[in-house]
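J.: Use the sequences and the hints to build the structure in full.
2 protein chains.
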Amino acid sequence: MAASSLDVVGIGNALVDVLARTDDAFLHAQGLVKGTMALIDSARAESLYALMGSGIEMSGGSAANTIAGLASLGGRGAYIGKVRNDQLGAVFAHDLRAIGVRFDTPASTEGPATARCLVLVTSDAQRTMNTYLGACVELGPGDIDQRLVASAAVTYLEGYLFDPPQAMAAFRRAAEFAHGAERKVSLTLSDPFCVERHRADFRDFVHNHVDVLFANEIEICSLFETKDFDAAARAVRGECEIAVLTRSAKGSVVVTRQDTVAVPAAPVAEVVDTTGAGDLYASGFLYGLTHGRDLDACARLGSLCAAEIISHIGARPESPLKDLAAKAGLI
Amino acid sequence: MAASSLDVVGIGNALVDVLARTDDAFLHAQGLVKGTMALIDSARAESLYALMGSGIEMSGGSAANTIAGLASLGGRGAYIGKVRNDQLGAVFAHDLRAIGVRFDTPASTEGPATARCLVLVTSDAQRTMNTYLGACVELGPGDIDQRLVASAAVTYLEGYLFDPPQAMAAFRRAAEFAHGAERKVSLTLSDPFCVERHRADFRDFVHNHVDVLFANEIEICSLFETKDFDAAARAVRGECEIAVLTRSAKGSVVVTRQDTVAVPAAPVAEVVDTTGAGDLYASGFLYGLTHGRDLDACARLGSLCAAEIISHIGARPESPLKDLAAKAGLI
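Chains A and B, in that order, give the protein sequences.
Plus 152 on top of the position in the first sequence (first one is 1) and you've got the numbering used here.
Plus 152 on top of the position in the second sequence (first one is 1) and you've got the numbering used here.
Treat the hints with care, since some could be wrong.
With a Cα cut of at most 20 Å, we get these calculated EDC-like pairs of lysine to aspartate or glutamate [what the hints assert, rightly or not]: (1) B:LYS186 with B:ASP176; (2) B:LYS379 with B:GLU348; (3) A:LYS474 with A:ASP446; (4) B:LYS474 with A:ASP175; (5) B:LYS402 with B:ASP380; (6) A:LYS474 with B:GLU348.
None of these hints come from the bench; they were simulated from the model.
Owing to the predicted nature of the structure, the values given are computational and were not obtained by experimental measurement.
T.: Structure representation (structure tokens):
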């Protein structure tokens with residue numbers, strides 16, 4: 153196996169977040185389930201946007217956030233995802249490249265616009281997401297660059313990719329390429345509703361292809377159809393090499409065939425917006441993993457990055473994570 | 153004179169801000185003058201954007217920020233400005249309407265894209281702006297809705313409108329309509345370089361058409377070609393009914409024919425980004441003025457709104473200014 157020239161290549165739905173504050177009454181009136189992601193079509197995206205308050209636009213996308221966080225830690229990242237050649241597509245591409253992430257997936261030149269996620273943030277810092285997939289549905293196996301995947305120590309896939317129909321094939325091809333080059337495959341379950349929509353596919357994919365799995369408490373319980381976190385943690389043991397289970401303020405638990413490592417959440421002065429918490433946890437963990445750290449250190453790096461992202465609006469770091477991690481003595 | 157159904161109609165360059173953090177070395181390397189606004193063409197906008205770090209997008213535009221702030225205080229505002237029918241144009245329109253501002257100027261359907269302002273924020277909280285005027289150059293006298301202008305107690309014009317060639321005519325027409333309906337005309341000088349580019353026109357316009365003038369220390373000194381603030385304050389007295397001169401941390405001074413009212417700056421825990429400080433000062437002042445407050449109260453409202461906007465990134469309020477003003481006992 154050749155030395156990897158990249159730490160992580162992320163593959164995901166390339167989208168721009170539109171973040172606005174709202175209240176519980178609005179979520180209720182719109183039939184939205186707090187803390188989850190709902191898929192919406194173009195018409196609903198227009199109508200919901202018209203009802204939302206004024207917002208800010210920031211590049212988002214779960215795996216893209218993770219790779220941006222990895223780059224902010226000083227890691228070497230690349231990203232594969234589909235935007236259109238429109239204004240928001242240019243914003244998305246710029247924001248990855250500006251932080252040193254390689255992003256070469258050709259933008260589509262026709263068809264739906266660049267994807268948007270309407271993110272509604274309530275005063276309890278919870279985020280409720282509504283995703284119009286737009287150009288993401290154009291991502292297909294032909295977009296997976298074999299040399300790029302083979303050059304990365306870890307290929308990181310977001311579960312949201314189970315939604316656009318062609319992406320699943322892209323997904324499987326990426327896993328083949330990665331394992332063919334003796335690299336690791338990592339997956340995040342992304343969202344409990346997403347797990348419900350595709351549970352059998354997720355179970356199969358985790359069992360057969362995933363080395364490093366990320367999931368939060370609700371997602372892992374959904375995957376194994378249990379309400380008991382400990383039961384879910386037992387169920388996942390051995391399904392993949394490393395299962396990383398995040399539990400918000402209760403910290404995280406790393407489960408391997410032999411070991412269980414629990415790490416507390418990093419302290420946060422004020423939780424402002426939880427958008428991107430899981431994404432940035434993965435940034436820190438994967439940075440640690442690709443830099444030879446033990447699981448405890450990986451989890452602490454994950455917690456630190458998650459703590460930064462929830463201290464402000466938006467899912468991209470405001471301050472260089474490398475400096476924060478150095479200050480905390482973690483890198 | 154009929155009762156006004158609107159407090160303020162703002163007319164300005166309709167643009168979306170792209171805010172990114174940077175350092176002095178970058179400003180120096182790019183030949184940018186900290187704290188000012190430079191006009192850039194499309195090619196320069198592309199090349200500068202490519203060099204900037206990852207950013208966030210927020211609706212901006214000086215007069216639009218002022219009207220958004222007025223609406224956030226509970227005032228009745230409208231806005232006239234030109235976007236294109238593209239993604240950023242839709243964002244701009246949404247963010248005004250979402251806060252209750254009337255915005256009906258038809259978007260252009262061909263020609264340049266919606267304007268952008270590349271805002272570089274340094275660690276001293278200063279903002280350095282680079283504006284690509286885009287669709288703003290299409291704003292002309294035909295876009296000035298006479299009934300709308302006649303229905304507003306104040307027509308508020310930004311000095312930046314002296315830059316796009318047709319806007320000057322729009323500007324003069326708006327002033328005519330306002331005075332024809334016995335309304336007030338207000339102007340902000342916007343930027344010292346803008347004053348330098350158009351000093352004679354500004355002097356003439358202030359003398360003949362402006363009732364309420366806003367300027368910061370550097371702008372008013374530039375207008376009267378002096379380095380001495382007190383000399384500039386003496387020079388402006390009597391040129392218009394009310395001259396409102398802002399001096400950053402030194403507070404503000406309101407100059408009328410008979411009076412001079414000085415008000416301190418409102419306290420700010422941490423100054424994060426000064427983008428929009430002058431715009432939001434004008435929101436507060438004009439809200440007070442159109443609600444029958446005395447000049448001291450108007451200036452205190454201005455200071456309070458400016459203090460909110462400089463406590464975070466971006467030039468649109470994060471929390472409802474009405475609540476802040478009520479808490480401070482100002483409304």
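J.: Could you check the structure against the hints above and give me the numbers of any it violates, in ascending order?
T.: 6
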